[in-house]
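Using the hints, position chain R against chain Y.
Respectively, the protein sequence lines represent chains Y and R. Counting the first sequence from 1 gives a position; our numbering is that position plus 894. Counting the second sequence from 1 gives a position; our numbering is that position plus 194.
Hints in this document: simulated from the structure, not taken from any laboratory. Think of the CB as a built atom: it goes at the ideal place given N, C-alpha and C, for glycine as much as any other residue. Check each hint, because a few of them may be wrong.
What the hints assert, rightly or not - Lysine to aspartate or glutamate pairs mimicking EDC-like chemistry, simulated, CA-CA at most 16 Å apart: (1) R:Lys316 / R:Asp371; (2) R:Lys315 / R:Asp372; (3) R:Lys246 / Y:Glu966; (4) R:Lys246 / Y:Glu963; (5) Y:Lys901 / R:Glu256; (6) R:Lys316 / R:Glu415; (7) R:Lys425 / R:Glu350; (8) R:Lys316 / R:Asp372; (9) R:Lys316 / R:Asp370; (10) R:Lys316 / R:Glu373; (11) R:Lys276 / Y:Glu921; (12) R:Lys300 / R:Glu413; (13) R:Lys437 / R:Glu415; (14) R:Lys425 / R:Asp397; (15) R:Lys425 / R:Asp404; (16) R:Lys315 / R:Glu415; (17) R:Lys346 / R:Asp370; (18) R:Lys437 / R:Glu413; (19) R:Lys246 / Y:Glu969; (20) R:Lys315 / R:Glu303; (21) R:Lys246 / Y:Glu995; (22) R:Lys246 / Y:Glu971; (23) R:Lys385 / R:Asp439; (24) R:Lys275 / Y:Glu921; (25) R:Lys246 / Y:Asp994; (26) R:Lys315 / R:Glu373; (27) R:Lys316 / R:Glu413.
Stated by the list, open to error - Which bits of chain Y does chain R cover? Going by a derived footprint, with three or more residues having C-beta under 8 Å, they are: (28) 901 to 915; (29) 1004 to 1016.
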Amino acid sequence: MTGEASKAQDIFQDTVREAAFLAANGEPPADRYWFFREARWRCLDVIARGVQPEHGANESTEVSPRAPEQIEQLEPEQLAIWISAAPEPQRSALALYYLDEFNYREMMSVLGLKLTELSRAIASGRREFQAWLNATVPAAASE
Amino acid sequence: MKRLARGLRTLADCAPIANAKAPDRRMRTAVSRAKRTEDFAAQQSFDRAVAKLVQATPVSSEIQEWFANERMAEGAKRSWKKTALHPAILAIGIALAVIAVVAWIKFDEQMHAFPGMATAKKLLNVAAMTRPSEFEPMQTEAGTLNDLFFMKYRLEHYDVPPEFAQQRTIGVRVFDDDEAGQVAQISLAEKRMQLFLFPARRDSKSGKPDEFEGWRYIEQEGWTGAVQAHKGVLFMAAVRGPKKDLAPYLATKPQSR
Chain Y
895 MTGEASKAQD IFQDTVREAA FLAANGEPPA DRYWFFREAR WRCLDVIARG
945 VQPEHGANES TEVSPRAPEQ IEQLEPEQLA IWISAAPEPQ RSALALYYLD
995 EFNYREMMSV LGLKLTELSR AIASGRREFQ AWLNATVPAA ASE
Chain R
195 MKRLARGLRT LADCAPIANA KAPDRRMRTA VSRAKRTEDF AAQQSFDRAV
245 AKLVQATPVS SEIQEWFANE RMAEGAKRSW KKTALHPAIL AIGIALAVIA
295 VVAWIKFDEQ MHAFPGMATA KKLLNVAAMT RPSEFEPMQT EAGTLNDLFF
345 MKYRLEHYDV PPEFAQQRTI GVRVFDDDEA GQVAQISLAE KRMQLFLFPA
395 RRDSKSGKPD EFEGWRYIEQ EGWTGAVQAH KGVLFMAAVR GPKKDLAPYL
445 ATKPQSR
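With the rest of the complex left out, here is chain R:
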């Protein structure tokens, strides 16, 4: 078989002894090519003679009894239930489920992301940490504060949306934040809710504020915020609790700003 290519010779050396069908195309090719050589005929005769001698090996009657039912050696087929409950399969399944959940959460986050979301989340933390004493006492309707912001702080378009304009305030403050810029924070009497007004992020090329339509929700550490963009200013209503605590305010038909 010296004329055979090395790969085919390697296969032909393990060729089936009986005229059994070769297990794959590579072996069939190797056997077919090898049959054209004299060496292979000698090899097959040799192998058949040895296999015949092996078959002639006496088997004790005790062992023959064990093989009364040959199906014994076939092994047991696992049911799909048992396969599914195998620790390795179970571990892989759990890992895939976790990956799928994380991927879905990331996808969902991306779907609900909006310009200024990072700043809004940071301000939710501010809402959680602000003490009542830090506010300047101010008892009025939230909708009237735009004049104060403009006259005292030169903050243009810091308007509270109509959905929250009728709410009574108990305090207000304006502070500078490294990321958010000048932030107006209003404390309401109802549900100890807080309102934030801060500049929308601006496009670095055009300089125009990045805006979006409608209300967007964010949640962080037990607080929920509803954010809206209007004339280059973001408004956020923040409440300690779930989304459903804010939803009734946003559902009310607002008068236009």
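Isolated chain Y (complex conformation):
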């Protein structure tokens, strides 16, 4: 979400601290989704205060059958930076989707999105990431 491990760590700790504070006041978080909602809002807050990426019309292309080979050549940080540069709510949708912890109903609930919005965010994210992959890892794409 933030594209920076140190910021993410701070947000994680603040979120857990908030949960502990609430628990101490007799109002502990009702479910695990609370942590993700809270962390997401904190991320968005931190991002809003930082340097904003330029959101232009990203190139997109259909997902390639050879994408797994391209992705294998990436570092996790590169993916994190790409996702953190995506516009909201696509950024949050992709982050939650690829955590592979939630089904679509849970993601709609955490993100407050309709199914069509969630679907559009993920599908266009895939195509744009594929276009970026083709530009970043062209050798694998052209093989």
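Okay, now just chain R, sitting in the frame of chain Y:
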């Protein structure tokens, strides 16, 4: 996935990455149909590769320590007591209770409603506002006044029921009311009770008076009335106080009118 219907394509775009069971039938249908297309296989391979890369993201040792006990992130389950005492639940509960009480009162009113109840309630107000000086002094037994009403005012069947016939009167008056018609009002010495006689409401089609069986109670602004219908005339005994002040009179075995 262009061959998939739009709704199914929307769902297939959010299909589970791992071979986890789809959360509902719609998603299972979408995945099942999408599997027949080549695009979906490419999408799943793509998603699995990205998810694998995400899983490979290094996590600092500090954060790993926080997750020593994974149950921490499950959240706390509220006890039913705590849930019940939540302000929102409490407010809804109170609102439902108020609605239930109002509904019960309305139902109870309907159950005890009788023809002429509105007029009887209006006359309870008259009882509360009538001053002793407005009565024509009359010291006799209430049961003997039917002759007076018939001879002087041509009021037929204005009979005081046997339960109150032996009561001593201190005054009487007859007046016209817009709703009730000709009303006979009797003031008694006992408990400053008042008796009313007035015509029963008549059915607009048949012209017959609407009558009912037995005594019916009404209460209004500290006054209680016991109403009975007889031969097209309603009788009401009114007293300032609760129902129990009238009950002993009605419990006495009356002689027939």
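Taking the hints in turn, this is what the structure says about them:
For the hint pairing lysine 316 of chain R with aspartate 371 of chain R, the CA-to-CA distance comes to about 10 Å; that is within 16 Å, so the pair holds. As the CA atoms of lysine 315 of chain R and aspartate 372 of chain R are separated by approximately 14 Å, the hinted pair is consistent with the 16 Å bound. The straight-line distance between the Cα atoms of lysine 246 of chain R and glutamate 966 of chain Y is roughly 9 Å, inside the 16 Å bound, and the hint therefore holds. Restraint check: the Cα-Cα separation between lysine 246 of chain R and glutamate 963 of chain Y comes to about 12 Å, which is no more than 16 Å; the hinted pair holds.
Distance check on the hinted pair: lysine 901 of chain Y and glutamate 256 of chain R sit about 14 Å apart at the alpha-carbon level, within 16 Å; holds. Between the alpha carbons of lysine 316 of chain R and glutamate 415 of chain R the distance comes to roughly 11 Å, so the proposed pair stays at or under 16 Å and holds. With a C-alpha separation of about 9 Å, the suggested pair lysine 425 of chain R and glutamate 350 of chain R falls inside the 16 Å cut-off, and the hint holds. For the hint linking lysine 316 of chain R to aspartate 372 of chain R, the alpha-carbon distance of about 11 Å falls within 16 Å, and the restraint holds.
Taking the CA atoms of lysine 316 of chain R and aspartate 370 of chain R, the gap is near 13 Å; set against the 16 Å cutoff, the hint holds. As the CA atoms of lysine 316 of chain R and glutamate 373 of chain R are separated by approximately 9 Å, the hinted pair is consistent with the 16 Å bound. For the hint linking lysine 276 of chain R to glutamate 921 of chain Y, the alpha-carbon distance of about 10 Å falls within 16 Å, and the restraint holds. Note on lysine 300 of chain R and glutamate 413 of chain R: the hinted pairing holds, with a Cα-Cα distance of about 14 Å set against a maximum of 16 Å.
Simply put, lysine 437 of chain R and glutamate 415 of chain R have alpha-carbon atoms about 13 Å apart, close enough for the 16 Å limit, and the pair holds. For the proposed pair lysine 425 of chain R and aspartate 397 of chain R, the alpha carbon gap of about 14 Å is at most 16 Å, so the pair holds. Only pairs whose Cα atoms come within 16 Å are accepted, and lysine 425 of chain R paired with aspartate 404 of chain R is accepted, the gap being roughly 10 Å. Restraint check for lysine 315 of chain R and glutamate 415 of chain R: the C-alpha separation of about 10 Å stays at or below 16 Å, so the hint holds.
Pair hint lysine 346 of chain R plus aspartate 370 of chain R holds up; C-alpha atoms about 15 Å apart against a cutoff of 16 Å. For the hint linking lysine 437 of chain R to glutamate 413 of chain R, the alpha-carbon distance of about 8 Å falls within 16 Å, and the restraint holds. For the suggested pair lysine 246 of chain R and glutamate 969 of chain Y, the alpha carbons sit about 11 Å apart, so the restraint of at most 16 Å is met. For a cut-off of 16 Å, the pair hint linking lysine 315 of chain R to glutamate 303 of chain R stands: about 13 Å separates their Cα positions.
Note on lysine 246 of chain R and glutamate 995 of chain Y: the hinted pairing holds, with a Cα-Cα distance of about 13 Å set against a maximum of 16 Å. With a CA separation close to 13 Å, the supplied pair lysine 246 of chain R and glutamate 971 of chain Y stays within the 16 Å bound. For the proposed pair lysine 385 of chain R and aspartate 439 of chain R, the alpha carbon gap of about 9 Å is at most 16 Å, so the pair holds. At most 16 Å may separate the alpha-carbon atoms for a hinted pair to count; lysine 275 of chain R and glutamate 921 of chain Y meet this at roughly 13 Å.
With a CA separation close to 10 Å, the supplied pair lysine 246 of chain R and aspartate 994 of chain Y stays within the 16 Å bound. Pair hint lysine 315 of chain R plus glutamate 373 of chain R holds up; C-alpha atoms about 12 Å apart against a cutoff of 16 Å. For a cut-off of 16 Å, the pair hint linking lysine 316 of chain R to glutamate 413 of chain R stands: about 11 Å separates their Cα positions. Look at the region 901 to 915 of chain Y against chain R: 4 of its residues bring a Cβ nearer than 8 Å to a Cβ of that chain, three or more, so the hint holds.
Coverage of the region 1004 to 1016 of chain Y by chain R holds. Counting CB-CB distances below 8 Å, 6 residues qualify, and the rule asks for three or more.
Every hint, counting from the list given before, is met by this structure.
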